[in-house]
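Please construct the entire structure, taking both the sequences and the accompanying hints into account.
Protein sequence lines correspond, in order, to chains A and B. The opening position of the first sequence corresponds to residue 1 in this note's numbering, with each subsequent residue numbered one higher. The opening position of the second sequence corresponds to residue 1 in this note's numbering, with each subsequent residue numbered one higher.
A portion of the hints provided could be inaccurate.
[As the list claims (entries may be wrong)] Take a look, some chain A residues computed to stay more than 12 Å from chain B by CB distance:
#	residue
1	D53
2	A56
3	L64
4	L73
5	A80
6	I81
7	Y84
8	D90
9	R91
10	N92
11	T127
12	F214
[Unchecked claim] Covered stretches of chain B (chain A as the covering partner; in silico rule of three or more C-beta atoms under 8 Å from a C-beta of chain A):
#	region
13	21-30
14	40-50
15	104-116
These are calculated hints, taken from the structure and not from any lab test. These numbers come from a predicted model, not from an experiment. Virtual Cβ for every residue (Gly too), placed ideally from N, Cα, C.
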Amino acid sequence: MSLTTDKAGAAAKESADSIVNFRPAYLAMAALGTFYVGIRIYEQYFGWKAGLDSFAPEFQTYWLNIMWTELPLEFIAFCAIGGYLWKTRDRNINAVAPREEMRRLITLIGWLLVYAFTVYWGASYFTEQDGTWHQTVIRDTDFTPSHILEFYLSYPIYIIAGWGAFMYGRTRIPQFANRISLAFLLFFAGPFMIFPNVGLNEWGHTFWFMEELFTAPLHWGFVFFGWFGLAMFGTVLQILHRVIELSKEFEKDILAI
Amino acid sequence: MSLSNETVPAAGKAWASKEEFIGCVKLTDWILLLILFLVLLGSFHIHYMLLAGDWDFWIDFKDRRMWPTVAPIVAMCFAAAAQSFFWQKFRLPFGATVAVFALLVGEWINRYDNFWGWTFFPINLVFPSALIPMGFWLDIVLLLSGSWTVTAVVGAMGWGLLFYPSNWPVLAQFHQATEVDGVLLTLADLIGFNYVRTGTPEYIRMIERGTLRTFGKDVVPVAAFFSGFVSMLVYFLWWKVGGWFSTTAYIDNEDV
Numbered sequence: 001m002s003l004t005t006d007k008a009g010a011a012a013k014e015s016a017d018s019i020v021n022f023r024p025a026y027l028a029m030a031a032l033g034t035f036y037v038g039i040r041i042y043e044q045y046f047g048w049k050a051g052l053d054s055f056a057p058e059f060q061t062y063w064l065n066i067m068w069t070e071l072p073l074e075f076i077a078f079c080a081i082g083g084y085l086w087k088t089r090d091r092n093i094n095a096v097a098p099r100e101e102m103r104r105l106i107t108l109i110g111w112l113l114v115y116a117f118t119v120y121w122g123a124s125y126f127t128e129q130d131g132t133w134h135q136t137v138i139r140d141t142d143f144t145p146s147h148i149l150e151f152y153l154s155y156p157i158y159i160i161a162g163w164g165a166f167m168y169g170r171t172r173i174p175q176f177a178n179r180i181s182l183a184f185l186l187f188f189a190g191p192f193m194i195f196p197n198v199g200l201n202e203w204g205h206t207f208w209f210m211e212e213l214f215t216a217p218l219h220w221g222f223v224f225f226g227w228f229g230l231a232m233f234g235t236v237l238q239i240l241h242r243v244i245e246l247s248k249e250f251e252k253d254i255l256a257i
Numbered sequence: 001m002s003l004s005n006e007t008v009p010a011a012g013k014a015w016a017s018k019e020e021f022i023g024c025v026k027l028t029d030w031i032l033l034l035i036l037f038l039v040l041l042g043s044f045h046i047h048y049m050l051l052a053g054d055w056d057f058w059i060d061f062k063d064r065r066m067w068p069t070v071a072p073i074v075a076m077c078f079a080a081a082a083q084s085f086f087w088q089k090f091r092l093p094f095g096a097t098v099a100v101f102a103l104l105v106g107e108w109i110n111r112y113d114n115f116w117g118w119t120f121f122p123i124n125l126v127f128p129s130a131l132i133p134m135g136f137w138l139d140i141v142l143l144l145s146g147s148w149t150v151t152a153v154v155g156a157m158g159w160g161l162l163f164y165p166s167n168w169p170v171l172a173q174f175h176q177a178t179e180v181d182g183v184l185l186t187l188a189d190l191i192g193f194n195y196v197r198t199g200t201p202e203y204i205r206m207i208e209r210g211t212l213r214t215f216g217k218d219v220v221p222v223a224a225f226f227s228g229f230v231s232m233l234v235y236f237l238w239w240k241v242g243g244w245f246s247t248t249a250y251i252d253n254e255d256v
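Below you can see the structure in the form of structure tokens.
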């Protein structure tokens, strides 16, 4: 075997054995970021041009068609991600070697990074953006341009990302497969409360013709689901706890960093 | 060079070498901090905008009683929870500052890109309140005292009292008097009249607007002290909430 081939083979071997690979998470974030910037540009143009009157034909073309497209796609993505992770689960979860377990823990951190990224866009960016829209344009429907991208796009995306992270841990990492982490459960399930809350919110606005005070009690349910983001504290602690258990041999080295 | 198994760990070992371990720990620590920051940002932002939002969105909405009372009280929730986590689990004294910094990052991005960039409100109408000095104060009290109780009493009172003076320098310019069609207004009033929001209820628009005219007089310290007292209670409660969300408990599969 030539020296070149040896080197290539060694590099391939080392790469294959690499324990850290955040590349899929970075790629997912880049794709999501590009997508969100794209729809923000779309909003800039078609929000004003075709989003002011829900009775206008162009509203149907430029906005409602997005909603009727995104909702089934999100449902399919939710089922597909959960189904794939479950179908390909580790059926001998208690025999996972420590190195493989560590690799999976780091992959889970990658999932959580993507989840955190989507939480930012949904809970921060598009939510306050909805405030700017309502303060500017009279509310004429539950499906305003900002809602179509907030409630029905960015929120489902972060629910899907959290669901993926939870299912990854549930199907591949012994500590999350053998028992259910209370913190992780709260962390990913909290946002599900968005759905009943969106229903209440839209029903209330329509029924009572409420003005768009953001601090109105009708909106406080969203605050409640936001609190569940704090359950990342427990989730992170559980991951770190297991990393420490798997790294006992380097305890002195890490203290020296 | 042969294809050795040197990089493959022995059975039962997670790491191939000390270098691999240290490199990975450093990288994943940063990524975990980024995750904590982004989630704090999102969850704190939705909490704050739906509990203090209107009082914080608009310069002419910053009522001399409501704004300095409500804003510190609701901001205290996440600051206390973050302190609880970072201090109890890691002895890191920056929970409150990180939390308010995260919130302000989200708010500034939004004020520029959406309030100003999409719906065209002037940025000096919609800038967010300054909270960083309050975060510093709360963290410093915790660091020096090492006590949850002292931080709740001294830190939370200071948190409430610091809010208005922290924001006064940027608000001061809006007290400038101006005359429009024979009516004496502040600049804040004038901005509010020229940029009418559909979401502003009439009673607030017509009756409570223009409170900057008396802003800074005797009402503010009373509001700030009240805010400090309530912030103490909120601090006690949300320190525990932060602790509860830091749970590492598991549920047995059979119990679900």
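Discussion item. Run through the hints listed earlier and report the numbers of any the structure violates, in increasing order.
Written reply: 11 and 12
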